[in-house]
Every structure is written in C-alpha cells, then in structure tokens.
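Residues per chain, in single letters:
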Amino acid sequence: MEKQNGVNLHFKIEQNDFDRAGEASSQFKSMLRKLGLDAKLIRRAAIAMYEAEINLTIHALGGNIDISITKDRIKMQIIDKGPGIKDLELAMQEGYSTASNAVREMGFGAGMGLPNMKKCSDEFEIESEYGKGTNLTMIFSI
Amino acid sequence: MDERKHYHSVVLDSEKCTGCTNCMQRCPMEAIRVRNGKAIIIKERCIDCGECIVVCPYHAQGASTDNIEEIKDYKVKIAIPAVSLHGQFSRNIKRKNIFEAIKELGFDMVYDEAIACRLSSIAIKKLIQEKKLPKPVIGSACAAVLRLIKDKYPMLLDHIIPLESPMEIAARLARLEAMKKYNVLDEDISVTYIASCPARVTSVHEPMGLEKSAITNVISFKKLYGDLLKNIKGHKSDESEDVDKNCGIQWATIGGQSKLSGLMNYIAVDGINNVIKVLDQIEVGTLDNVDYIEAMACIGGCVGGPLNIENSFVAENRIRNLLEKMPVQPKIDSKKIMDLYDSGLITWDVGKEWEDNSKKEEFGIMIERLQKTEEILKKLPGLNCGSCGAPSCKALAEDIVNGHASIKDCLILEKGDKK
Numbered sequence: 000m001e002k003q004n005g006v007n008l009h010f011k012i013e014q015n016d017f018d019r020a021g022e023a024s025s026q027f028k029s030m031l032r033k034l035g036l037d038a039k040l041i042r043r044a045a046i047a048m049y050e051a052e053i054n055l056t057i058h059a060l061g062g063n064i065d066i067s068i069t070k071d072r073i074k075m076q077i078i079d080k081g082p083g084i085k086d087l088e089l090a091m092q093e094g095y096s097t098a099s100n101a102v103r104e105m106g107f108g109a110g111m112g113l114p115n116m117k118k119c120s121d122e123f124e125i126e127s128e129y130g131k132g133t134n135l136t137m138i139f140s141i
Numbered sequence: 000m001d002e003r004k005h006y007h008s009v010v011l012d013s014e015k016c017t018g019c020t021n022c023m024q025r026c027p028m029e030a031i032r033v034r035n036g037k038a039i040i041i042k043e044r045c046i047d048c049g050e051c052i053v054v055c056p057y058h059a060q061g062a063s064t065d066n067i068e069e070i071k072d073y074k075v076k077i078a079i080p081a082v083s084l085h086g087q088f089s090r091n092i093k094r095k096n097i098f099e100a101i102k103e104l105g106f107d108m109v110y111d112e113a114i115a116c117r118l119s120s121i122a123i124k125k126l127i128q129e130k131k132l133p134k135p136v137i138g139s140a141c142a143a144v145l146r147l148i149k150d151k152y153p154m155l156l157d158h159i160i161p162l163e164s165p166m167e168i169a170a171r172l173a174r175l176e177a178m179k180k181y182n183v184l185d186e187d188i189s190v191t192y193i194a195s196c197p198a199r200v201t202s203v204h205e206p207m208g209l210e211k212s213a214i215t216n217v218i219s220f221k222k223l224y225g226d227l228l229k230n231i232k233g234h235k236s237d238e239s240e241d242v243d244k245n246c247g248i249q250w251a252t253i254g255g256q257s258k259l260s261g262l263m264n265y266i267a268v269d270g271i272n273n274v275i276k277v278l279d280q281i282e283v284g285t286l287d288n289v290d291y292i293e294a295m296a297c298i299g300g301c302v303g304g305p306l307n308i309e310n311s312f313v314a315e316n317r318i319r320n321l322l323e324k325m326p327v328q329p330k331i332d333s334k335k336i337m338d339l340y341d342s343g344l345i346t347w348d349v350g351k352e353w354e355d356n357s358k359k360e361e362f363g364i365m366i367e368r369l370q371k372t373e374e375i376l377k378k379l380p381g382l383n384c385g386s387c388g389a390p391s392c393k394a395l396a397e398d399i400v401n402g403h404a405s406i407k408d409c410l411i412l413e414k415g416d417k418k
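Chains A and B supply the protein sequences, listed in that same order.
Oh and the first sequence: position 136 is 135 in numbering that gives the first Met the number 0, straight run, nothing missing.
Oh and the second sequence: position 324 is 323 in numbering that gives the first Met the number 0, straight run, nothing missing.
Mixed in with the good hints, there may be bad ones.
To be verified - Distance condition first, Cα-Cα at most 20 Å in a straight line; then the derived PhoX-like pairs of lysine-lysine:
| id | chain 1 | residue 1 | chain 2 | residue 2 |
| --- | --- | --- | --- | --- |
| 1 | A | 28 | B | 393 |
| 2 | B | 371 | A | 70 |
| 3 | B | 42 | A | 28 |
| 4 | B | 151 | B | 42 |
| 5 | A | 11 | B | 371 |
| 6 | B | 42 | A | 33 |
| 7 | B | 74 | B | 180 |
| 8 | A | 39 | B | 37 |
| 9 | A | 39 | B | 149 |
| 10 | B | 74 | A | 28 |
| 11 | A | 28 | B | 124 |
| 12 | A | 33 | B | 149 |
| 13 | B | 180 | A | 28 |
| 14 | B | 393 | A | 33 |
| 15 | B | 74 | A | 33 |
| 16 | A | 33 | B | 377 |
| 17 | B | 134 | A | 118 |
| 18 | B | 276 | A | 33 |
| 19 | A | 39 | B | 134 |
| 20 | A | 33 | B | 235 |
Calculated directly from the structure, the hints in this document are not laboratory data.
Work the whole structure out from these sequences, hints included.
Below, the structure is given as structure tokens:
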C-alpha cells in the first residue's frame, strides 16, 4: 500500500469520540518527528491536523483523514459525509462557530479551526455541500 | 567538555540488575533495552529524568555524581545545596545547624539556592509582564524537562523563559560574594552543587545555552547524608536565632514557583509523563492563553528527586510548615532584579540550542526506514510485552531496521514457529 517514494497514513475519526480525540494527530506528529522534518513545519502541520481531527469529532458525522508524505510536500485530505457547511464564507471567519453549548463547555468551539488551518498550510482548498458533506485539502511544502 | 557527547549521569550497577524490565517499560523516552539479561541505557535518548532510578526494585539504577576530593586544591570552596534540602531534616533541626554541618564536610561557605529562587520569582513576574514572550512561557528550573524539550520538542525552545535556573544564578551570585569576602579571583573558587537529581549533573557537565557552568562539580545529596547527620548530631543544641530563612524554599515543591511569582494564570505539572502530555498540548496550540508552565519531571517537584532521602510528601509538609513560621521577608526592589537581568547575569540564551537540532539525514533514507519499520511491525504480535528486550513492538521494529536487534528476539514469534 505504501508508495515507493513516500508514506501514506489513513485515520478514521468517529463523531463525538472524545476518548480518542487528538490521538490521530499524536501519531501523525510522531511520524513527522521520525522523518526529521523542520521543527516549524512539524508544528504547523500538527496544528492543522489537530484542528481537522477536532472538527471531524465535533461538527461532522465523523470522517477520514488521508495523508501522503513525499520529499516535497505533505498532502492532507479530510473527507466527511455530513452535515456539510451552510455558509462557507462565515465558517472561514475567525470567531464564528456552530458548536453546541455542551461542546463549548469542554473548551472547544472557539471558531478558529478553519481559519487556523488556512494560516498553517501552504495551500488550502475546501468544498462543501450542505446536507451532503465536506472535502478539504491542505498542502504543506517541505 | 568540548564536544557534546550525550553525557548522562544515570548509570546501572549491573550486579544488582536482574533484567526485570521494570525500568525499560517506564522510561518516557524508550531509552532502555534489556540485552543479555541486563538493562542498558541508550545515551542519545536519555534525558536524566531519573524515572528508572525511582522504579528499580533492586536499586540497580543510580546516578553517578562527582567527588568531594576533586575540589581540595581550590582556595575557596562554596557549597550550594539544592533547595529541596530544607525538607530533608526534621523540623527541630535549625537551618544553621545544617549549613554548619555542610561546611564541616570541607567547605568555606554555604549559599542557599532559595535566595536565587526568590530572585527568580520576581524576575519571572516582570519578564511575563514586560517582555513579549511567546505564550505559554515555560519555566527553566527543571534540567530534565529542558533536555526533553531540546530532544523531542525543539520547536518549543523559544517558549522557555530566558532566565537561568536558580542553581546557575546562585552559583554566579555566590562567586561574586566570595570574591569580595575572601579577596580571591574567580578561578580560585569552586562551587559544588549538592543535588537532588541526576539531571543537574548533566546540566553542569553538558550545559544548555551556555559555554560553561559556574558550578564546578555536583555531588549527590544521598551520598553526603550519612556524614551530614553525624555532623549535625555533633553540634551542641543552643537557643540562638536560626539563620535568615528565605521564602524561596517553596520552589522545592510543585506549584511553589508560580505561587511565589504571584501568578494566577499558570499550569503546574509534575511527573515526566504528565509534562509530556502538557507539552503535546502546547505544540498543537491549545494552551496559547496560559501565561506560565511550571513543569517538573519529579512527582511533587524537586522534593521528589531520586537523590533525596526523605519521602517527598513528608518533605513537602515540612517546607509548608517552615513557610508558615517564616518571618516577614525583606523587600527586594524588582528594578534591581531587572537590572541584573539586563546586565546578562541571570539571562539564558536558548537560541544556541536551536542550531544544534538542524542536523538530519537524507529524506529518502528516512522514508525507506519508516516503510521497513511498518512492514516489520505488521509481523510482530503487538503485545508490547517486553520479552524481546525492547519496550514496545514498535521500538523492536525500529531497532531491527537500525541493525540493533533481530526478529528472532521476539519470543512469541519464536514460540509460535516451534509449534
């Protein structure tokens, strides 16, 4: 399953699984450390990954994160099957959040997830259809 | 030392080691392996946290520290006991008795680390208020945590407060005092630190962000305890006043640094595994609105150091009681502390450590190694039982790829094959 010139990682994230929230990011971070990548790159990739993981846990009905690492770049693809984002422009605004009160009490829902991910990545593409799902791709140059 | 050779002070007494794998399972850096029935420490991975010393049921792990004979030729010999010293003796023993007993071991002057702790608290508060430091600011008092950050979290090096550890500050101040008092040169003075942990030994022999430490050598408190007790018992009891106690002693217990600094927005975390969890969170940016992280590798803070004698909870109680009875402390002008800071006497330049971490291997080789590791990992049982002498199946897979082990080391696979 591994390509010859890179590493592929696959993570399945379950909705509301707060027992494991953050574990996928931890594993991803360990992998990046083992590859000896630049510390600053690891940091922003880890932040973006963590935000993506939390988003899938809190907002989406779960989803998948597929990562491919080659010597030029890290490509992260985050796909979920719903509920989709109603207003993409609003969602990308800092501070805007659709998180429930219960989730906010846990310390999440600050409304910084998507804007942070865009800031951390070198390329950021997001597509969403309300009622269908969301497809997000981020690229980090090495 | 001219070259950084991954000096570490934790050593194994192989006669006492039974290969029980306790230390190997508990090492937070997966730095221990068991080969030929004995534990060995992989130098490059060891951060001297002393966890293995604490958990070894046979007391086979210990710390190698220096000897008091090394300093016999110095004109003026200073001793700086670790601040956790204040919790090591029963409450009816006066501080000045203890300091006298230390002098009788062969020192001219004893300088209390608590003095430097108190100054540091004032500096910490001012630095957080006045300088634009990346948040959260991480304290620099624990040598094992600093090593952990350097090895595993180099992107957090710039979060470490640019303030030297109290040990180093105490050494510098003590030297200045001695030069004046005894009218000698700096090179005629030796400063011996009486340590509660092995990480301190390494921080002197292979200092971070510093060319040379102001400390000359480090001796384990445990090693001196017997002689200290004898000396103390030899003193006649008297009713005279004790020496000035310093509220800096609360640095010996977890939470003490932050409380003395008057901070409210802080996290005090003890125990190396808990520190790792907090550092992981800092890395992904979830603790950006916390001012200060007081991170200590030993449970309870420095009173929990493996080279102490007293139970850490008993020591904590003593320190709390000493604080209760403490007279009002003389005021210290915080401006004077900041002048000290600006003069460079108490600052710490962590930038030097950053450069050391930019060496790495060719990317293609790394990928190949990772892929091979994944392939081997799939063949292993995934029980992390430790019988192969590695702490986890993943660690064994890495060792195999690096040529340090063989898949035949896995006893479960071997047993399965023989059926």
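*Looking at the structure, which of the earlier hints fail to hold?*
Violated hints (numbers, rising): 3, 5, 8, 10, 11, 13, 15, 20; every other hint is consistent with the structure.
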